[in-house]
Amino acid sequence: MPRIGMGDNIIIEEAPDFLDTNALLEKLPKQGCGAIVSFLGITRGQDGDAEVLRLEFDAWQNKLTSVLEALAKRAIDDFSVTAVAMSHRTGSVGPEEPIVAIHVASPHRKEAFHACHWLIDELKKQAPLWKKEVTSKGESWKAGLG
Amino acid sequence: MMRMPRIGMGGNIIIEEAPDFLDTNALLEKLPKQGCGAIVSFLGITRGQDGDANDAYASHRYGRQYYHRRSARFS
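Each protein sequence line maps, in turn, to chains Y and V. Using numbering that gives the first Met the number 0, the letters of the first sequence map in sequence onto residues 0 to 145. Using numbering that gives the first Met the number 0, the letters of the second sequence map in sequence onto residues 0 to 74.
Accuracy of the hints is not assured; some may be wrong.
[Unchecked claim] No more than 25 Å apart at the CA atoms, straight line, and that leaves these computed lysine-lysine pairs for DSS-like:
{"id": "1", "chain 1": "Y", "residue 1": "K26", "chain 2": "Y", "residue 2": "K109"}
{"id": "2", "chain 1": "Y", "residue 1": "K136", "chain 2": "V", "residue 2": "K29"}
{"id": "3", "chain 1": "Y", "residue 1": "K72", "chain 2": "Y", "residue 2": "K62"}
{"id": "4", "chain 1": "Y", "residue 1": "K131", "chain 2": "Y", "residue 2": "K141"}
{"id": "5", "chain 1": "Y", "residue 1": "K141", "chain 2": "Y", "residue 2": "K123"}
{"id": "6", "chain 1": "Y", "residue 1": "K136", "chain 2": "Y", "residue 2": "K109"}
{"id": "7", "chain 1": "Y", "residue 1": "K141", "chain 2": "Y", "residue 2": "K72"}
{"id": "8", "chain 1": "V", "residue 1": "K29", "chain 2": "Y", "residue 2": "K141"}
{"id": "9", "chain 1": "Y", "residue 1": "K131", "chain 2": "Y", "residue 2": "K109"}
{"id": "10", "chain 1": "Y", "residue 1": "K124", "chain 2": "Y", "residue 2": "K109"}
{"id": "11", "chain 1": "Y", "residue 1": "K26", "chain 2": "V", "residue 2": "K29"}
{"id": "12", "chain 1": "Y", "residue 1": "K72", "chain 2": "Y", "residue 2": "K136"}
{"id": "13", "chain 1": "Y", "residue 1": "K130", "chain 2": "V", "residue 2": "K32"}
{"id": "14", "chain 1": "V", "residue 1": "K32", "chain 2": "Y", "residue 2": "K141"}
{"id": "15", "chain 1": "Y", "residue 1": "K62", "chain 2": "Y", "residue 2": "K136"}
{"id": "16", "chain 1": "Y", "residue 1": "K130", "chain 2": "Y", "residue 2": "K141"}
{"id": "17", "chain 1": "V", "residue 1": "K29", "chain 2": "Y", "residue 2": "K131"}
{"id": "18", "chain 1": "Y", "residue 1": "K130", "chain 2": "Y", "residue 2": "K109"}
No wet-lab data here; the hints were simulated from the structure.
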């Protein structure tokens with residue numbers, strides 16, 4: 000997985016083909032930390048009464064990297080967490096496969112939970128990503144990341 | 000490879016003992032995910048520092064004794 004953005008405490012990775020959430024977690028700096036909170040978004044296999052075959056994510060990749068990095072920096076500053084690792088899939092993602100992974104390390108749990116919650120909310124608002132849902136009943140572009 | 004004993008499991012609940020090692024990735028793999036779009040996980044780890052002292056390890060033996068004492072009191 001190409002590593003596209005990294006400071007001492009920030010890891011942002013592209014995931015064009017596969018998102019290895021465990022490998023991303025392994026890279027998270029944990030020194031002095033007692034808590035790691037993770038959010039993992041996965042493809043639901045069902046949308047109403049239609050079977051979801053896959054989601055297709057299109058990204059403005061350069062912008063995506065800088066948006067994720069800026070969010071991670073702000074989370075570290077505002078929530079006083081130690082480190083953040085983030086990655087979002089592009090391309091085709093099948094049912095139950097990971098779409099997005101966010102890991103936050105912190106000395107204490109409360110800050111990590113708050114930061115992780117804020118990060119996924121802001122990612123969904125700000126990330127330059129577009130999602131097409133391909134189901135057994137057809138395909139459609141979805142507004143927002145859902 | 001060490002096998003972690005599975006001590007409690009319903010359709011949607013997995014509880015495992017971890018006397019020697021906690022394989023969080025393996026535990027997450029076993030989590031039923033059908034119909035789900037989100038997984039949130041919390042992992043507590045031993046901090047290497049407590050004030051100005053370095054932690055060598057954290058023992059949960061005291062906690063277990065406390066739990067048994069407390070359980071006995073309410074039984």
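Status of each hint after checking the structure:
no. : hint            : result
1   : Y:K26 - Y:K109  : holds (22 Å)
2   : Y:K136 - V:K29  : violated (30 Å)
3   : Y:K72 - Y:K62   : holds (15 Å)
4   : Y:K131 - Y:K141 : holds (6 Å)
5   : Y:K141 - Y:K123 : holds (12 Å)
6   : Y:K136 - Y:K109 : violated (43 Å)
7   : Y:K141 - Y:K72  : violated (28 Å)
8   : V:K29 - Y:K141  : violated (30 Å)
9   : Y:K131 - Y:K109 : violated (35 Å)
10  : Y:K124 - Y:K109 : holds (23 Å)
11  : Y:K26 - V:K29   : holds (23 Å)
12  : Y:K72 - Y:K136  : violated (41 Å)
13  : Y:K130 - V:K32  : holds (21 Å)
14  : V:K32 - Y:K141  : holds (22 Å)
15  : Y:K62 - Y:K136  : violated (33 Å)
16  : Y:K130 - Y:K141 : holds (6 Å)
17  : V:K29 - Y:K131  : violated (29 Å)
18  : Y:K130 - Y:K109 : violated (32 Å)
Hint compliance for this structure: hints 2, 6, 7, 8, 9, 12, 15, 17, 18 are not met, and every other hint is.
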